[in-house]
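Peer 1: The residues making up each chain are set out below.
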Amino acid sequence: MTSPEIIRRHSLATRLLHWINALCVFLVLMSGLQIFNADPVLYWGQYGASPDKALLAIGAHGFPHWATIPSWQGLAQGRRWHFFFAWLLVFNSLLYVLFSFISGHVRRDLLPTRAELVPAHLAHDIWDHLRLRFPRGAAAKRYNVLQKLAYFGVIFVLAPLILATGLTMSPGFDAACPWLLNLFGGRQSARTIHFTAAMLVALFILVHLLMVVLAGPWNEVRSMITGRYVVPQSKSYPVSEPK
Amino acid sequence: MTAHVWTRRQMLLRGSAAFGGLLLAGCDQLSQSPSFLRVLGSAEHLTYRAQRLVVGQSLAREFTEAQLSPVFRSNGTSDPNNETYNRLRANQFADWRLSIRGMVNRPLELSLAALRAMQSRTQITRHDCVEGWSAIGKWTGVPLGNILTLAQLNAEARFIVLYCADELERNDGGYYESIDLVDAFHPQTLLAYALNDRPLAVANGAPLRLRVERQLGYKQAKYLMRIEAVASLDDIGRGKGGYWEDRGYEWYAGI
Numbered sequence: 054m055t056s057p058e059i060i061r062r063h064s065l066a067t068r069l070l071h072w073i074n075a076l077c078v079f080l081v082l083m084s085g086l087q088i089f090n091a092d093p094v095l096y097w098g099q100y101g102a103s104p105d106k107a108l109l110a111i112g113a114h115g116f117p118h119w120a121t122i123p124s125w126q127g128l129a130q131g132r133r134w135h136f137f138f139a140w141l142l143v144f145n146s147l148l149y150v151l152f153s154f155i156s157g158h159v160r161r162d163l164l165p166t167r168a169e170l171v172p173a174h175l176a177h178d179i180w181d182h183l184r185l186r187f188p189r190g191a192a193a194k195r196y197n198v199l200q201k202l203a204y205f206g207v208i209f210v211l212a213p214l215i216l217a218t219g220l221t222m223s224p225g226f227d228a229a230c231p232w233l234l235n236l237f238g239g240r241q242s243a244r245t246i247h248f249t250a251a252m253l254v255a256l257f258i259l260v261h262l263l264m265v266v267l268a269g270p271w272n273e274v275r276s277m278i279t280g281r282y283v284v285p286q287s288k289s290y291p292v293s294e295p296k
Numbered sequence: 014m015t016a017h018v019w020t021r022r023q024m025l026l027r028g029s030a031a032f033g034g035l036l037l038a039g040c041d042q043l044s045q046s047p048s049f050l051r052v053l054g055s056a057e058h059l060t061y062r063a064q065r066l067v068v069g070q071s072l073a074r075e076f077t078e079a080q081l082s083p084v085f086r087s088n089g090t091s092d093p094n095n096e097t098y099n100r101l102r103a104n105q106f107a108d109w110r111l112s113i114r115g116m117v118n119r120p121l122e123l124s125l126a127a128l129r130a131m132q133s134r135t136q137i138t139r140h141d142c143v144e145g146w147s148a149i150g151k152w153t154g155v156p157l158g159n160i161l162t163l164a165q166l167n168a169e170a171r172f173i174v175l176y177c178a179d180e181l182e183r184n185d186g187g188y189y190e191s192i193d194l195v196d197a198f199h200p201q202t203l204l205a206y207a208l209n210d211r212p213l214a215v216a217n218g219a220p221l222r223l224r225v226e227r228q229l230g231y232k233q234a235k236y237l238m239r240i241e242a243v244a245s246l247d248d249i250g251r252g253k254g255g256y257w258e259d260r261g262y263e264w265y266a267g268i
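Same order as they appear, the protein sequences are chains A and B. So that you can map any letter, position 205 of the first sequence is 258 in my numbering, and since no number is skipped, the others follow by simple counting. So that you can map any letter, position 49 of the second sequence is 62 in my numbering, and since no number is skipped, the others follow by simple counting.
With the rest of the complex left out, here is chain A:
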């Protein structure tokens, strides 16, 4: 039996920024649900209030208490949590993006290659994921295309969208950048997009955690803490090489 191959999977910066990020995202999501619960109704357009037509109402009281920070109805405290950690998240994300571009992390690890985006390759990867067959050996050393698309989508599509729609909800910031109102079709549309994008991030986190558990939580979590990753050996079953 050969000794397992160990690689340094994540750089120190990626690891550190990941955990600060994880804390911030978790806190802004749950305090965001607290803020949402103050008026658990979504509208579309420039205005929207109780006399107007709603797009979607989520229960009479919105999300359950275990999903919000604080757990009781506390809009004032929820806002304090939300904006403090939103600022931290913005600074942390800027550092991450700056580091990732300079170090080549974006180009090397996150950006899907042209070959990976071919429908046949995508279909193959989706099929492997559905059968819970994860890459082994050399293929396990880099992100697969679904991983790349998920990470890239969250970092470069959802995160900027959430920031921009969040700022569009600010009456102060709207005065400085009224074009945001044109871009999103109004403050209430921005609020609806902000909420939807946040829910997509929550969905990403769920799938992300599920994948960690399925791919071997010990190895995966350790690799994000210490950087050391044991490459799964390609023994038990063959994963066909994508064409």
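The set of hints was computed from the structure by calculation and includes no laboratory data. Check each hint, because a few of them may be wrong.
[Unchecked claim] Not the full set, but computed from the structure, chain B residues with beta-carbon under 10 Å of chain A: (1) L35; (2) L37; (3) S44; (4) S48; (5) T138; (6) E144; (7) W257; (8) G261; (9) Y265.
Given the structure is predicted, the values throughout are model-derived calculations rather than measurements. For glycine and all other residues, C-beta sits at the position ideal for the given N, C-alpha and C.
Once you have looked at the hints, place chain B on chain A.
Peer 2: For chain B alone, coordinates are given in the frame of chain A:
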């Protein structure tokens, strides 16, 4: 080997669940700690500075008649219903006077008729409640800056405090608000006496309310009675600069 992996996996899952539970309980504890809330509150100063820098004197978006909300929702107090207010209301506010005092060289007492005779501004703007909803209304009123100029503000004055006729909860102190001079002299900051071309209804703050566009709804004080120019907010109410501010909300409500 397999059993061993499962133990680790279960450990990790249960560990994370327990950790998550503790974290949430911790968040609740921290949400009640005044010193921790002060730490979280430091973000407000950052927001204030950042927005003052980026927003400057720019105007809030003004909308068209076609974009008006069909019904302009009322929130908070919809009728002060106290002795003083009811007496003034019974007489269509003919005896109502707005007093401007504090750090001014020329204290003023203005009737509704006097305010209506002054140069006015009309604007169609969006009202954003801290709860999340928005309504668009057409406001007519006197720019607060003009009144402050008339009253000759002292150089030491830093805030304008607005006292209202309503109490949101009985015997819990009257509603009040405060803004800085940047907002007080902003061209869209009005003492509004009309909404959608009609005299302000009681539900919307009759006879006079503040419009400080670029900030949230709770800053738009209704049922105005008295305006005071001050150097500090410390000795007013519980010292945070407003009714809701005294109850944990941000003084700078630009977001």
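Peer 1: What are the numbers of the hints the structure violates, in ascending order?
Peer 2: 1, 4
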